[in-house]
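Chemist: Turn these sequences into a full structure, and let the hints steer you where they fit.
Number of protein chains: 4
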Amino acid sequence: MTDISAGLDRLAIETPSWAYGNSGTRFKVFAQAGVPRDPFEKIADAAQVHAYTGAAPTVALHIPWDKVDDYAALAAYAKDQGVELGTINANVFQDDDYMLGSVTHPDPRVRRKATDHLLECVDVMDATGSRDLKLWFSDGTNYPGQDDIRARQDRLAEALAEVYARIGDDQRLQLEYKFFEPAFYTTDVPDWGTSLLHCLALGPKAVVCVDTGHHAPGTNIEFIVAQLLRVGRLGAFDFNSRFYADDDLMVGAADPFQLFRIMHEVIRGGGLDADSEVAFMLDQCHNIEPKVQGQMRSVMNVQEATAKALLIDTAALKAAQNSGDVLGANGVLMDAYNTDVRPLLAEWREAKGLAGDPIAAYKASGYLEKISAERVGGNQAGWGA
Amino acid sequence: MTDISAGLDRLAIETPSWAYGNSGTRFKVFAQAGVPRDPFEKIADAAQVHAYTGAAPTVALHIPWDKVDDYAALAAYAKDQGVELGTINANVFQDDDYMLGSVTHPDPRVRRKATDHLLECVDVMDATGSRDLKLWFSDGTNYPGQDDIRARQDRLAEALAEVYARIGDDQRLQLEYKFFEPAFYTTDVPDWGTSLLHCLALGPKAVVCVDTGHHAPGTNIEFIVAQLLRVGRLGAFDFNSRFYADDDLMVGAADPFQLFRIMHEVIRGGGLDADSEVAFMLDQCHNIEPKVQGQMRSVMNVQEATAKALLIDTAALKAAQNSGDVLGANGVLMDAYNTDVRPLLAEWREAKGLAGDPIAAYKASGYLEKISAERVGGNQAGWGA
Amino acid sequence: MTDISAGLDRLAIETPSWAYGNSGTRFKVFAQAGVPRDPFEKIADAAQVHAYTGAAPTVALHIPWDKVDDYAALAAYAKDQGVELGTINANVFQDDDYMLGSVTHPDPRVRRKATDHLLECVDVMDATGSRDLKLWFSDGTNYPGQDDIRARQDRLAEALAEVYARIGDDQRLQLEYKFFEPAFYTTDVPDWGTSLLHCLALGPKAVVCVDTGHHAPGTNIEFIVAQLLRVGRLGAFDFNSRFYADDDLMVGAADPFQLFRIMHEVIRGGGLDADSEVAFMLDQCHNIEPKVQGQMRSVMNVQEATAKALLIDTAALKAAQNSGDVLGANGVLMDAYNTDVRPLLAEWREAKGLAGDPIAAYKASGYLEKISAERVGGNQAGWGA
Amino acid sequence: MTDISAGLDRLAIETPSWAYGNSGTRFKVFAQAGVPRDPFEKIADAAQVHAYTGAAPTVALHIPWDKVDDYAALAAYAKDQGVELGTINANVFQDDDYMLGSVTHPDPRVRRKATDHLLECVDVMDATGSRDLKLWFSDGTNYPGQDDIRARQDRLAEALAEVYARIGDDQRLQLEYKFFEPAFYTTDVPDWGTSLLHCLALGPKAVVCVDTGHHAPGTNIEFIVAQLLRVGRLGAFDFNSRFYADDDLMVGAADPFQLFRIMHEVIRGGGLDADSEVAFMLDQCHNIEPKVQGQMRSVMNVQEATAKALLIDTAALKAAQNSGDVLGANGVLMDAYNTDVRPLLAEWREAKGLAGDPIAAYKASGYLEKISAERVGGNQAGWGA
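Residue numbers (the numbering used here), protein chains in the order written: chain A, 14 to 398; chain B, 14 to 398; chain C, 14 to 398; chain D, 14 to 398.
Simulated from the structure, these hints should not be mistaken for laboratory data.
Check the hints yourself; a few may be wrong.
It does not matter which identical chain is used: a pair holds within one copy or between any two.
Stated by the list, open to error - Restricting the straight-line Cα-Cα distance to at most 25 Å, the calculated cross-link-like pairs of lysine-lysine (DSS-like) are:
| id | residue 1 | residue 2 |
| --- | --- | --- |
| 1 | K376 | K365 |
| 2 | K331 | K218 |
| 3 | K376 | K218 |
| 4 | K331 | K126 |
The model shown is predicted, which means the values in this text are computed figures rather than measured ones.
Modeler: Written out as structure tokens, the structure is:
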């Protein structure tokens, strides 16, 4: 229990500011009551998640959605609420100029504009004190022949090099990959291999971000996790879950066993050690469920998967593996997975002065009713705001 | 050649009004110059596609996007432009009430509202003289347990029965299925089996609509086509193509060989016979390509695949099949596929007084420049307008 | 607990005789010590699974692999061992004549031969007193054009009709579907829709068999289960699990949450009611794990998933669903899933005089060592024997 | 035409000795008349493919399937037949010792045995004068927890390093990757990223082999080709095609447009230049079609795709790409693809003194009838022989 508790203590899960705004699909974005109208209100919501779970101490920002005049004021506000500002996310996919790409666009003018935005994000990092710049590019093509696959890689490399040169010694560049969407034929950073190749070319401060929903059907994500930890380039997770494509459901909702296996590899590879720099973040769309509660549920799902992974009897596992005892080794893993860790987590929370059941405590608090009443008028936050 | 020409004469491809408006992904809708601002302008654009290809004589409407006060006036306008109004598409996915479903919603009030909209669409059909009502439901759930899978089927059946009872003797109800999106756990009509079961329960005027992009990875669509023709329930196609999910690319763009195989099964099963009631429609999103030209290219892709399928030496094919000559039978099919049918299609067009190269003729016409200059101000059409 | 215990009492899981023989992939079949050499030894092994789990009272046979001169003797032997003979599985895929198909083959001679084998299987059923004939056809094609998709459906329908006419009033014909393999372009019964269409054409004694590994990537199997129960045609399960294609791993090994959701729909639709005729069978390949222990683990996995599904607070679930409480409804389901049911199952076993931990008891029994020592010489059973 | 002819002249496609033997699925291997019974007869068949196509000058060997006492004699025999010995393929998947892995096995004894076999294959290369050693490992696990994912990578790296140290200056080590099968949970070299990481660690003589059937559903293979050519590590292709998993159908049979796109990227990246070291090989299973004819058809399919790719108007393509003309750029590509290149290829063959229609000429030759009559008795070659 001590070890498990210590492991849980080290598990900090960053929530993204945009998860508190409205989101949806191309068919419809459904509005919800109480949704934030500015970055401050987003941070207030994020602080609730931390207040009840004790495991979500930082908030990721998205530029320009969370652009403010005074980042110091935003940081101070966050601190007052009990959280801190975290990763800065760049956005080079929502301007009409980016229809055919941003940093990989055939037109140098568009590439310049996109790269300048990335550099501006580093300025924001300097202002917020953020360690990480997370780059996701929607760049790609929809039709065979539309653009030159290889030339786009060269353009990407050039832009990344410029950004990499700009970040400070204590800052990192996270390069996220995604199988497809919004590009439907080629995507310029479609897999971990591509992301890693660029990171290796850049240098040690460039690391791969694994979004758990960004893979081809059937892909073994924990294998990728093990592989990236082995070469020292697993930078971060964007957690969410999916049944089909990039469904962006709450992490652990679609396949809790997979999440457990992923956390097992994280721990196995040192990703939860005291000196680990792996960042754990949520990135999902609460299209139909309440935002704050959805984030809380997600944080708890990661905690439960981690607690189960920490419960694995590693000595027994290794012994079974080395003796070729297929069912025995699998059984050791399943014993941990089949354990109900909710009591253990309630205990962990209570030891920290928190409620054992964060969801019940949050619902009892009346926060949702309060913000629903207060946040009337103005523009609700969403993608693009 | 005579047979091929006759086959092509029977191939009428309906284009959808919404394809002329802006479309996009959840990340961004990119605006294009010259995009229509009302149903009349959409019809004008659709008429261009028909004027140059000679194969797109009707336009599908989407209610409420194409709602007008006077459908007779809209029909007359279409006739003036050289086209006619076609299938009526219902929309029960863009109202906040439909967040958890429309006709399958747990709340009877929402179901009533949704069904009423479907009935209203039949009123529109009566006004436009349309034969077909096409129903696609975005209904489904995102999380296990969210709703009762089976109860939703019962609710769906109830709503469909009410609509079926309302349509006239010469009208049809097309029930479209879709693998997933925007629902990410269950979809209430996810596959052809479900659609067919409901059609069988309703009666002979209920038919299945096959959207070529709405299947699980690897699904053999031509098999489904053969199966539905065999039981007399293939009602219509929504054509588009995809590499990943429901990418909604131009039909024939991602896998032209698949489109050829589909058209081969259509012809094999009588779907292009003189008395066939199979409707051929486009339903795709031109996110990054010009709209009118994209529709023209799509119509031509269907024509090319059909011409190749009509070229198959069916006697030689049957002989090879019956003798178990695997490579011989495959070779007969490939001989047709490998033929360059573009000269043949140019000839067919020229025999009708059209330009042999529709794209070149359209580009030379200056139509895009004209509408780009004229259609300034107002709200561009798109999903939701 | 009483209800759960009663539900578990009704859960009888049939194990297949061939699971006790060697199996493998196209690359290699690895031989294991102690593998049976004839149907009697297979039954002896199957009896072990029942002896320790108390939940596997019948054994499925595969003809001709389990062909014997005297089925009454085989049945009597089974009874002595504490089990009974169950479903008869036909095999029309391992004769050189079936290279291009069996009942769908273009050559009537081959079709006749295949249908005769099916009829012979009904003779075996009469001799063994089996209720179910399970039909799986490997029939399909590898290359476009190789054979006529629709003609093959007609041939299939003809053969099925002949077999259906032959079975008795208390017998059933189960038609299994499979997405692909060993055919790689078309498969003649590839999905539940095709299987159901044939069953509907045959009559009420024809039912669909759902093999949990036989679907396209991403397919929602519990939806199919709900759908088939709704129309009264869910005949049976072939349980196994998969990460990729038809991997045939132990059921519950790849995605225990999916198995739980499936059992929830089974229960919701009455499939575990006292009068249910749904058959629960294992059909998997223990390529690298010990056979008997692998079957035991699988039976226990189904029991655990069922126990969790029986634990669902259905009143709370319905209330949350009806009020549109997405996270609440999902939470009710997850509460059951997250419960550790192993103590409950141990109790259930002990109440029946069995060991609480079947695997430990079996391993302690020395059975594997015994058969490994005894079963030397002769030909080990496997696919084709 | 001159350029196209020169490009085709450089396109040498290696055929694999095992393609001439019987193959099948885990369900059944169907025997065919005339199938070779030893390596010499395989080479005689391979020589036929070259004799008629003029494009298949070398034959890959598989050790131990093609083990002979005197490789010089085998090489001389090949030369007499008009072909040469090519790539050496290792086999560490068909010994009972390899049930849980070969070079990644937890037991050092098994790893030693496997590595020794790889070293033995280099001895064979020295004897045959082969440039390439192709390594494919079936290694992986079936169940979560079965073995340590990361430790297996370390063991793999160690074995590869030993082999790499053994190969000569003019020899190469090709590392093939495969998504899954025969392992069904993890595969130790599942993707191009893993293969490339190991190659980078080894040195410049280690290159990636791309098998076109070894990817997750939806994977964009031409992107991988472009990426590997960009970093100078595309070593070879194993050509085949698939609709589902690793179906191993004839290359170009399932998706001829994809093959064209792949060859376009090969040419774009210099892979068909005079100084290119990219090896083009077939690796497919002719389960139901005649072997020699199947190989011929495959060679021709690659030639047709290559000829179309060579026809692309690269200047027009680049101009359209750079101006952001999506449909124009796609149109340039499609113009080449839609061209019927069969006359051009017939001309190319006739200029070399070959028949314009290789299949017809081969069938007229009576070779299949001859070997069917002669090759009676003995054991037909297949996987494992």
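Chemist: Hint by hint, say whether it matches the structure.
Modeler: Hint check results:
1. K376 / K365: Only inside one copy: K376 and K365 sit 20 Å apart there, 44 Å across copies, limit 25 Å.
2. K331 / K218: The answer is neither: 33 Å in one copy and 35 Å across copies each exceed 25 Å.
3. K376 / K218: Answer is neither: 41 Å inside a copy and 50 Å across each miss the 25 Å cutoff.
4. K331 / K126: Cα proximity of K331 and K126: across copies only (23 Å, versus 52 Å in one copy).
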